Structures are given as structure tokens and as C-alpha cells.
Amino acid sequence: MARDEDSDFGEEEEEYEDSEEVSEEEEDDVGRHRKKDTKGKEKVKENGKKKKRASGFIDDAAEEDEGGERGGRKRFKASAFIDDIAEVDDDEDEDDYEEEGMEDLIDDAGEDVPSAAEMIKMRREIREAELAAARDSEPNPEELEKYIKERFGGRSYAQHYGTADDDAENTAVGQQALMPTATDPKLWVVQCGEGVEREAVVCLLQKCYDYAKKGTPLLIKAVFCQDHLKGYIYVEAHKEAHVKEALRGLRMIYASKPPKLVPLREMVDAIRVVRGAEKAIEAGSWVRIKGGLYKGDLAKVLDTDPSTQRATIKVVPRIDFAAMAARKPEDARANFGKQPKVKPPARPFNPDEARAHRLDVVQQRDRATGDVYMIVNGNNRFLEGYLIRTVALKSLELLEALPPLDELQKFNAASQSDEGGAAGAAGGDLAGLVQAEAATGGGAGAAAQKFEKGDRVMVTDGDLKNIKGLVQHIAEDGGVMVLPQDAALPGFTEVIRFEPRELVKFFESGEHVKVVHGQHEGETGMVVRVEGPVCYVFTDATQQEIRVFARDLTLAVASASAVDSLGGYEMHDLVVLDNATVGVVVNVEADALRVLTNQGRPDKPDIRVCRLPDIKRKMNNRRASVKDGAGNDIGVNDAVDVVDGPLKGRSGTVRYIMRGFLFIQTREVAENAGFICLQARHTKVRGGKSGPRGGGVGMTPGRSPAYGLLASPHPTRGMQQNVLASPGRQGGFGGGGPGGGPGGAGVYSGRVSTQQDKMLEGRSITIKKGPYRGMRGRVISATATHVRLELEAQMKTVTVDRSHLAVEDGGRTEAAPRPGYGGYPSAATPMAAGGRTPMHPGITATPMHYSQHATPLHPGMTPSREALTKTPAYDPAWAATPAHPGFGGGGGGGGYPNAGTPAFADTPGTVNPSPAGMGYGGQYGVAPSPAGYAPSPAGYAPSPAGYAAAAGTPAVAGTPGMYPPASTPGMYAAAGTPYGGADMAAPTPGGAGYGGASAAPCVNYAHWVDVEVMLPGGERAAVRAVDGGTATVAVGHNAAAAEGGGEPGGGGPGAPPARWVYPADGPTRSVPVGDMSLVQPDRKDAIRIVAGELAGQYGELVGTDVGDAIVKLDKEIKIYQLANVGRLAVQPGSA
Amino acid sequence: MFYIKDLEKELEVHPRFFGPRLREEIERRLRQEVEGTCNGQFGFILGVLGITDTGRGLLREGAGVAVFNLKYSCICFKPFKGEVMDVVVTSVNKMGFFAEAGPLQVFVSNHLIPEAFEFNTAHEPCYQTTDGDQKIVPGSEVRLRIVGTRVDAADIFAVGSIKEDYLGVISAPL
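Heads up: the protein sequence lines correspond to chains U and L, in order.
Quick note, the numbering used here runs 133 ahead of the 1-based positions in the first sequence.
Numbering follows the numbering used here, in which position 46 of the second sequence is assigned residue number 31; successive positions increment by one, without gaps.
Same shape as in the complex, but just chain U (with noise of 0.2 Å):
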């Protein structure tokens, strides 16, 4: 039966023709039954001759009957065919989404011809079942319908008929000719029972054959209806009484509503058939489904039936066979329809997975169409690889054109059959599937191309095909005006209309296109390379070559990406590629972003199309901070400059900063957006500090300007420039002071500080790396390295990689060695090194001294200096007594006594009478071994008591507060402690200066008298009187010198102790009191008090401890500061 289908349609037209033949009653009927949609449309066309077709219809299946031996089969097949109806429609009632493979419509044909009575209850039956389908709008069995319209060439009749009177139809006059006129038959519409318009017809039309058969045939020439037309049926009469007279004894047509004439102009309309939302699916459309498991795939229409709004297609099946193998087979209805909660993937069916899983397979073939189904558990068709459903057209939702190209591919991919065509194409024949989709599903209209205006097109059908032109406007009616442009056609400047099948779009290499449709929709590009009906598009943004459907481009006229952000990354955003990538977004496409990573060099930035599964995340770290390469911190949005490498002069603006490396945004740079990645070392900061780091200590930055103010000749500006020079040693002394040994002299060792620690100590610091990420702890102790914390959270004490911490200051993580801290970690080198002081001597000795004196920078750096210089006498005492022993403490100046404060750690600069020594970067270079330096009090041990005293006073050091420029580096502090709270006879010249000085007024010189004092000069001198500013002084001569010759500066301990007397009758002379300063007592002398509370008692050393004097007063042992003790010039034991 399948093979009469192909009988040539010459063939039956013939039938058609034929004489009425009455066939058996059954057939007829189900024939007629089975017929009347199609024939809806076809009688309208064919005005009258309908009842001849209908009965040539009905002869044809008669005349295949006959026409060869099948004959008696075919009436089983009838019956059969009737059988199935009846149960299909029960199947239908059931489920609607159910369908039966038609070869059961076959298979089930009974052996027995039917007896009347059953024939006439399968009618019965029929009707209540069409009645049944009807008012679910479901009606029909349409495999049933398939079946006899294939059988029959069903849907070929309009076409057949069409192409019979195709001349006529085609030509205007031809058209108008069939224009109904006033002597035509008339056309009534009556109204009926609604959703029985059909039934009504099918019944005029057997009552048209029974009264013909009885020889009193119906007077009206057509019936019809129209699907959209609900409640209605027409009727083409002569008279209105031919109409009422065929439809009397109706049961569905209303007898109170007589018929009504439709006006002869409405006449035309009445039977056109709306080619309107249902009409476009059709047979080969490409459809996308609306809702349920296949939501949103494409199908491909197999079919379509719009007597029941259904349509047949074929989709990649979503089948997930384990979950079928586990369905029961008595729920199997009652969950059906129930989507998965996750959706399968879509893959073509494969048999054997199918059985492997125990699901029933059965292979079956379609006898209309020879298509071989698999069906699994009875309800799943599968087609080559598809699954075919029916279902309603609403669900359904039409492409205007032809899918995106990568959906085509994946559709077509599917398809298992070994047959070329279309869907054997399987995605690699682009052109050859695209050819095919024109040839047929172009022929549908369902994947017309859109043309606008400026379109370049070829022609491809036609006289005048293979000629290009412009598309220059489309006309109402859909044609497409083009003016050809080619060089076949010269001059030829006519506007030619054209059907849009018969045009496609062209386009050229090196053309520049814009997307139109589909997956890459509104990307734009060049067009590299055109193979038929698919372009190569070579993208401006992501520079990738994407092909592309001709049809799918039209001319780009600019290239502007609209979109800014993509899956909720936009611009500019910092996102995470991987472990070691960061980058910045820098583009944004259709489907992908270009990110600028750290993976570049600055030189060849590496831009990377991410698509969104290659991002990892978004970041956001707006407080992350990294050095410079001059150990500044750079901050996000922090102005930098870079200094080296390629890129090198750029500026910008730090926008991120991810490991180490800056993200600068830069208007300098066009491309990436303006960003450039580099590592921070290579930038400055702007506003920080220059230079690069890791220099000579001397090149500390905390050290620099003071360098350079050091340098400044003038005194006036000293006060100041040492305020500038502070801040180092601030914290300096700070530290320094309290716990300073006198040693000041590792000042320069450029050892990493401890100073830094004691810094750190106590504080509370974030850890912000290492597995105690996010604790806060106080600092216990600190090293350069690491640092111990008690956590905060935890009852712990960890000990923590310094560059792990994250402190607020800034900079402090890393210990950066400062001179100021300096003298720390000298205080804490062994003072035998300090005590090597031999050189001291020298040092006092050499008149270098002068040239010290006259140093521009000694001013400078120690006001006390300064100060001293306005003393009249200390001029000459300063220059004249090379030998002073205490001139190597003078030189320390106000420093020396603050040991180990960053003001004695100046000192060795105006000490050290090398020129070379003016500056610290020198100093540190040149001195001796700060070590050697150190002007411990071991070193001056020769020197009067008192002296050592002052300096290694804690107190000292410590009472900054005392004196108001402490504001200023502990060295005025220091400096002016001991003496200004002593007493007017500090031995050293810088202290006395110092103090007569700026202290003078509150030193009570009165309990001086006695002592022994040194002049600046280095003589020495019994006090007699103190009268206000003026002292009375014996000055003595030394008897060791005179006995010995040995050189006068007996200062240093390599020298033979001197030994002064003080004849009462010597000569004596006045002194400033600032001038005068305490010699330092040794053990057992005899001495007196000077300052304090018990000022002016006289007692005996018993010995010296750092700093502080043990004095016996009155049998009483009492500490007193070595600065407060003065030896008496005339001792018990030598008077």
C-alpha cells in the first residue's frame, strides 16, 4: 500500500474523473470519513465539482482495490483500519500525549469480514468517538488520517488541482474569470452546532450520495467549512430552499436559524483559507519547543495537522533510560508526561543502549512512508536517531529562519541515517546541508531569508540568475527590489523585483559584517573566506574566525561592542583565571571576555578570551598594598610612575594589585583598555621616596635629608636642621636610651636593628599570611625575622614570619636599618671593643681638632656645639688643651653622654677629623670600626670620674622630658640633663657648655667650692669661691707632669696618672661657671656632693657603679649620681 501511494497523480486524476462507482457502503463511508479535511479546502477550489472528486476520491481507493490481487486483502485492511479507529480513539481519550505506531493500525486486521450490524456499530462508534475528540479539541486518530492521506496523495490534491489549472490560475484574466458572478451559485452560511461543523459536512455529503442513489439527489453544489469558523458551515445553493431542503432532519444545524446569504463580494473571502499562525509550521519548518523536558530544543516539523493543531516532529531525544528501565509498568501512566528534575542531556537514541538497559525495542517499519521506527516500551518512536512526537502546534514555536548554524550542526549531528541529504550531512557538509535546507525547507517558506534595504544579493533562480545586485527597498507583498549591479548587466539601472527565494545574500572577502542572528548575533568582522552559503568571519573583538550563515550577516556599517559585562563580570573587573592568574577585563563580547594577566611581560602584554567557565571568580582586594622599588607602599589608586623596563616613563593609576603585580590603568596606552600589568618593583610612587632601596645605610631614607641638612653651613639654620635630622633617631632614643649601654658606636653597623623590635614590642598586629591568617596578637619579642605574638583568640604564643604581618604604619614589617636604631645592638656589642680606646688620645690629641671645630657641619648637627662656640672661654679651652683628657668626650660633646642615643650616634661625625667623615654615608665608611669608636666609658677611664658617671646614666638618658627641645633628638636632652641638673662643674667642655649655655640659671654652683674642676683648657683647678656666674679657682699644676715629663693630656689611660696640686697660695683667677666641669672622682677620693638634696656634704668614694657614684657620707653609704659627686682638689691623703 505504501507503493500505491506513488501511483502518478496523472493517474488519479483520471480516477477522479472516472464514472461514480459505487463501492461498499463501508469503505465509502470511512473513505468520506476519513477525507473531510482535505476536503474542506478542495471543494472550495474546486466550486461545485466537489461531489464528483469526493466520489473519484472514494473510486480511487476502490480502484486500487481492484487493481491487482489484493483485492480481498484490502477489505481486511479496511475493516482492520475501522477496528483501529475505534481503538485509538479510546487510546486518545486516555492520553493525549500517547501515539500508537501505525503498524498496529495494520497489524491488528481481524481475518473475519465484519457482519452489517457490526458495521454499524463501528460507525456508531466512530461518531461518538469523533465527537469525543472534538470536544477535547483532540480529535482525531491522526495516524489513521496520515494513513489515508498518504495513501490517497492527500495533501498533494490542492497542489494536483492547482497544477491542472495552473495556466488559468496564473494569468489575471484567468483569475477573474473564476470570480463568482451573480448567475453562479449562490453561498449560504448556516450556523451549526459548534465542533460539528465537520460532522455536518460529512453528513450533507452521505446524504448527498444516498439521495442521488435514490434518484432524488440534493440541489445544493457544495459544502464546506472553515476550521476557524466555529459554529458555522456554508452551503452553495441556487436557493435558499436548496439549502434549507438538504439540511433538513440535521440534528447539528440549528433549524430556528435559517440560512444566510453571504454577498457576493464576500464570496471570495468566505472560502479563503487563512494562511495565517498555524499555517506557518509546516512540514519542514524548524520549530523550537515551548515548555516540558525539550524546552527551548529544536525540532524539525515532520508533519502537521490542523484539523487537530498538531504537528509531528522530530527532535534529539532526551531520554534517560535508566530512569525508564526503573519505571514500573503500572505507574508507567501515571507518572508519564512527569519531566525529570534534570534534564538528560540530548543524544541521538542509540538501540543498544536501549536494550542494554531492558527496554523493549521493537524495529517496525512505516508501510507509508518505509521509514524503519524503533519503538521503545511501545510509546517512543525513534527515526534515524529522533524521537518523533506528535504535538499540539501551540507548544510549538516557529523559527522565522534557519536555526543558528551550531544548533543546525548538533540537530544534524544526531541523525543516524546512512542516507545522504540534509540530515546525513551530520555537520561536516555545511554548504551541501545548507543547499538542502534551501531546496527543502526553503520551498516551505519556513526558513525565508530577511532582506533589507542595502543587502548585496545574487540572484539564484531565473533568467537572470548569477547576476548581483543592491537590494534597494522590499515591497508590501514581500518581493524583494534590487537593482542589479554586475557587470553582465551595464547600464542597466532598472529596479527589478525578485522573490526572496530567489535571492541570496552575498558577500565578498575583506568585507566588513555585523551578525545578525544566531549564536554569534552582533558580533562584527571581516570576511576572510566565503564557501557558498557560509562565511568566514574573522571577529574584531575576540580575533577569532567564527563561520557563519550568509544569510545570517549583513554589512557592518560600525564596530561598537554595546555590551559592557558578561555573566556578571564587566569591564575593569579583576577576576581569577587560576592559581597563579589574575587579570583584568578588558573587553567585553558577545560570549567572551578579553582579560589582560599577570602572565604578561609589560613589553608583550598576554590578553586572554576567556569565556565565562574559563573565570574562576571575581576579586576584589581594595586594600592590598605592595612596595615600590623604593620600598613605598603602593596603594590602590595610588598614582605611580613606572621607572624601568619598557614601559618606562607611563604613569597611571594603580587600579589593582594582585601579588605583587600593579594593574595601572593608563591614558597613555589605547589598547587593552589603557591598562598595563607590571610588577611593582618596577614603579614609584608618586610623592614617595626615591632612589632604590637596599643602598648604603647611609642612603636610608629616614637618613637621607638629614644628610644633606647636615651639610648646611649655616649655624642659624642648626637648630633646625637637627630637628629635620630627628626623626631617625627619635624613636632612637626611645628605645635606645633607657636600656643604652654608653656604647653608641655600632650606630653605623648597618646590622639589622633590634631597635625595630623593641619597636614592635607590645603592639598588636594583624597577621595577615600563614596559617594564623586573620589573628590579631601582641608582640612579645621581635627579631628580623620573625616576630613572637600571643594571639589574641587563642591562649598561644607563636612565633611569626615577619613579612606575614601586616601593620598599620606601614613599613615596619621589615626592618629596615636605621642609624637611629643603630646604637641598640652596639649597646649590646661587647664593650672590650669600645675599650680599645687608645686611639681616643689621638684622637684629643690631633689638632685636626680645629678643622673639626671649624667644620661647617659641626655646628650643625649639635647645637650644643653651637652653643659652646658663643662661650668666650670655651674657644681657647677647646683649642688650646689638646690634651684635655676630656676633649674626646668634648668632642662627643653634648652626645656623650647620651651613649647610645642617636645623638651620640652624630657624634663620631664631628669627632672623626677626616673630612670624609662629614658626611654619615662617609662616616660610616671611613671611621674605624664603630666598635672603635665607642667612646665607652672604659675608654675614658682616665678621665674624672664624674664623666663616665654622666654618661652612662640612665637617667640621663632617659629624662628627655626635662628639657624642652627634647622635642628634638635626645642628644639636647641628653646633653643638657647631667649638667643642667647638676651642678656648673661638669667636666666636659660640651657639657658645660652646653648647660652654661641654656641651663646656667638653674645649676646652683654654690657647693662647688672645694672641688676640683677642669678648666676648658684642660687645667684643672680647686674651687675657692663661687660668686654667681663667677668662680674663684686655684688653678694647679700637675706635679706627675712635672716629674715625670710625660705628656700632658693624661687623659688617656695609657698615660701616667696625673697628679694635681693646689698650693693654697697659688694663684687664682675667675671663671665663667659654665666653664668649669667636674672631675671624676676615683675610688676612695675624697669628695662633695654638688647637687641634689644633700648638696654640699663632703664624704668618700667607695666606688663607682655605671652611672652612679657609692659615697660614704658620715659612715653612711649612700648611691648617689656620679654626675652630682665632685672630687675635692685637695684630698686627705696627698694634702
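Source of the hints: derived by calculation from the structure; they are not laboratory data.
Possibly wrong hints are sitting among the right ones.
[As the list claims (entries may be wrong)] When the alpha-carbon atoms are kept at most 27 Å apart in a straight line, the in silico DSS-like pairs for lysine-lysine are as follows:
1. Lys737(U) x Lys120(L)
2. Lys586(U) x Lys66(L)
3. Lys79(L) x Lys647(U)
4. Lys79(L) x Lys737(U)
5. Lys902(U) x Lys929(U)
6. Lys363(U) x Lys340(U)
7. Lys66(L) x Lys601(U)
[Said to hold, decoys possible] Listed next, the stretches of chain U that the computed footprint assigns to chain L, with coverage defined by at least 3 CB atoms under 8 Å from CB atoms of chain L:
8. 642 to 654
9. 660 to 668
[To be verified] Label-pair distances were calculated between CB atoms; the ranges are:
10. Ala107(L) x Asp736(U): 21 to 27 Å
11. Glu126(L) x Pro623(U): 39 to 45 Å
12. His108(L) x Arg630(U): 57 to 63 Å
13. Arg680(U) x Leu44(L): 55 to 61 Å
14. Pro481(U) x Glu126(L): 49 to 55 Å
15. Ala138(L) x Glu641(U): 22 to 28 Å
16. Asp736(U) x Ala138(L): 24 to 30 Å
17. Arg680(U) x Gly40(L): 51 to 57 Å
18. Ala138(L) x Gln732(U): 27 to 33 Å
19. Asp739(U) x Leu7(L): 44 to 50 Å
20. Asp736(U) x His108(L): 18 to 24 Å
21. Arg750(U) x Ala107(L): 51 to 57 Å
As the structure is a prediction and not an experimental result, all values here were calculated from the model.
Glycine included, every Cβ here is placed at the ideal spot set by N, Cα and C.
Dock chain L against chain U, hints included.
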């Protein structure tokens, strides 16, 4: 294609430059502003040859700046479809290669490279003939024909082809 064009430009000059060196300043500013720019009409302006006429500076009211309507001649470079030019390859990838002709960037798709060339990533990405005679690597000089141009606001991009007689590699990188 290179052209010598006479173009005009309005240039604003701040009053602080009004003085004996005004002309120098104008020329400096002109060069700074136009050299290296690109527009769709004239292509890239490679260099200013000279100012033919500075016109009379007109003070702009309220601003104090002088506006000169300059006429100057310059060398322009505009690529055309169909033009044959020599370029230097800058990068090679599987889609084709990028090359530069001065300020112009040209892309040659692998569709527009003769089939004899094969993409080879063994050593460095390159297009190589099977016999190894010719090789397109960054630095190679290539003669190509421009098949299309894309003119952006401030740039021109071209697609070229070497799939034609007399086109292809001219010299290997130095």
C-alpha cells in the same frame, strides 16, 4: 597608498606662547596633534611636511586663546582594497598571521594563505611550505594584497591575502 595632502586644522594657542617663537610653537603643536592620527577619509597622517599658511590667529572671546586656521601639507597613508603592499609579520597563529605596514595592522587569514603553507607549531608558530622553502614567522617580510579594510574611529584594520601569484614571503627575518 601614500599621498601628499593639503589639509587644514584649527589650532588653539594659549596666550603664553604669543611671542617670537609663536610659529615654532604652532608647528610643534600641529605635529603633536596630527602626526600619527588616523581618520577614515585620509588614513594615517604620517608626517607634517610643512605649514603652508598659518592664517591670522583669531582671539577667541572669553578664552584668550588664539585660533589659527592652519593649512599644512602632510604625508598620508591610506590602504585600499586591492592594494599590494609589503608588510612585516608580527605574530602568527593558527587562524593566520598579523602583520604591520607602518601604523597599519593587517591580518591574513589562513584561508587567504596558499594551501602550500601549513601551520606549524613545532618550534615557533609559523606557516611553512612543506618543502621548507618558505616560512612565515614573526619578522618575515611578506607581500600581500589587501582584500578589505575596516575603518574605525582612530584606526584602520585590513585583511590581506597572499593567495595569489607574486604574493608571499619576500624575505626572512634578519
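For each hint, the structure was consulted:
1. Between Lys737(U) and Lys120(L) the CA atoms are separated by roughly 23 Å; this keeps the pair inside 27 Å, and the hint holds.
2. A distance of roughly 24 Å separates the Cα atoms of Lys586(U) and Lys66(L); the hinted pair therefore holds under the 27 Å criterion.
3. For the hint linking Lys79(L) to Lys647(U), the alpha-carbon distance of about 23 Å falls within 27 Å, and the restraint holds.
4. With a C-alpha separation of about 19 Å, the suggested pair Lys79(L) and Lys737(U) falls inside the 27 Å cut-off, and the hint holds.
5. Taking the CA atoms of Lys902(U) and Lys929(U), the gap is near 17 Å; set against the 27 Å cutoff, the hint holds.
6. Under the criterion of a C-alpha separation no larger than 27 Å, the hint pairing Lys363(U) with Lys340(U) is consistent with the structure, at around 22 Å.
7. Restraint check for Lys66(L) and Lys601(U): satisfied, since their Cα atoms lie roughly 19 Å apart, inside the 27 Å limit.
8. With 4 residues bearing a CB less than 8 Å from a CB of chain L, the stretch 642 to 654 of chain U meets the requirement of three and the coverage assertion stands.
9. Counting residues of the stretch 660 to 668 of chain U whose beta carbon lies closer than 8 Å to any beta carbon of chain L gives 3, which meets the minimum of three for the stated coverage.
10. Distance hint for Ala107(L) and Asp736(U): a CB-CB separation of about 25 Å, consistent with the stated range 21 to 27 Å.
11. The hinted window of 39 to 45 Å between Glu126(L) and Pro623(U) holds, with their beta carbons roughly 40 Å apart.
12. The hinted window of 57 to 63 Å between His108(L) and Arg630(U) holds, with their beta carbons roughly 59 Å apart.
13. Here the CB-CB span from Arg680(U) to Leu44(L) is close to 60 Å, well matched to the stated 55 to 61 Å.
14. The hinted window of 49 to 55 Å between Pro481(U) and Glu126(L) holds, with their beta carbons roughly 51 Å apart.
15. In this structure the supplied range 22 to 28 Å holds for Ala138(L) paired with Glu641(U), their Cβ-Cβ distance being about 24 Å.
16. Against the hinted window of 24 to 30 Å, the Cβ-Cβ separation of Asp736(U) and Ala138(L) comes to about 26 Å, which satisfies the hint.
17. In this structure, Arg680(U) and Gly40(L) meet the distance hint of 51 to 57 Å, their C-beta atoms being roughly 54 Å apart.
18. At roughly 30 Å, the beta-carbon separation of Ala138(L) and Gln732(U) lies within the given 27 to 33 Å, and the hint holds.
19. In this structure the hint that Asp739(U) and Leu7(L) lie 44 to 50 Å apart at CB holds, the actual value being about 47 Å.
20. For Asp736(U) and His108(L), the hinted distance range of 18 to 24 Å is satisfied, since their beta carbons lie about 22 Å from each other.
21. Separation of Arg750(U) from Ala107(L) is about 36 Å and departs from the stated range, judged on CB atoms against 51 to 57 Å.
Going through the hint list in order, the structure does not satisfy hint 21, though it satisfies all others.
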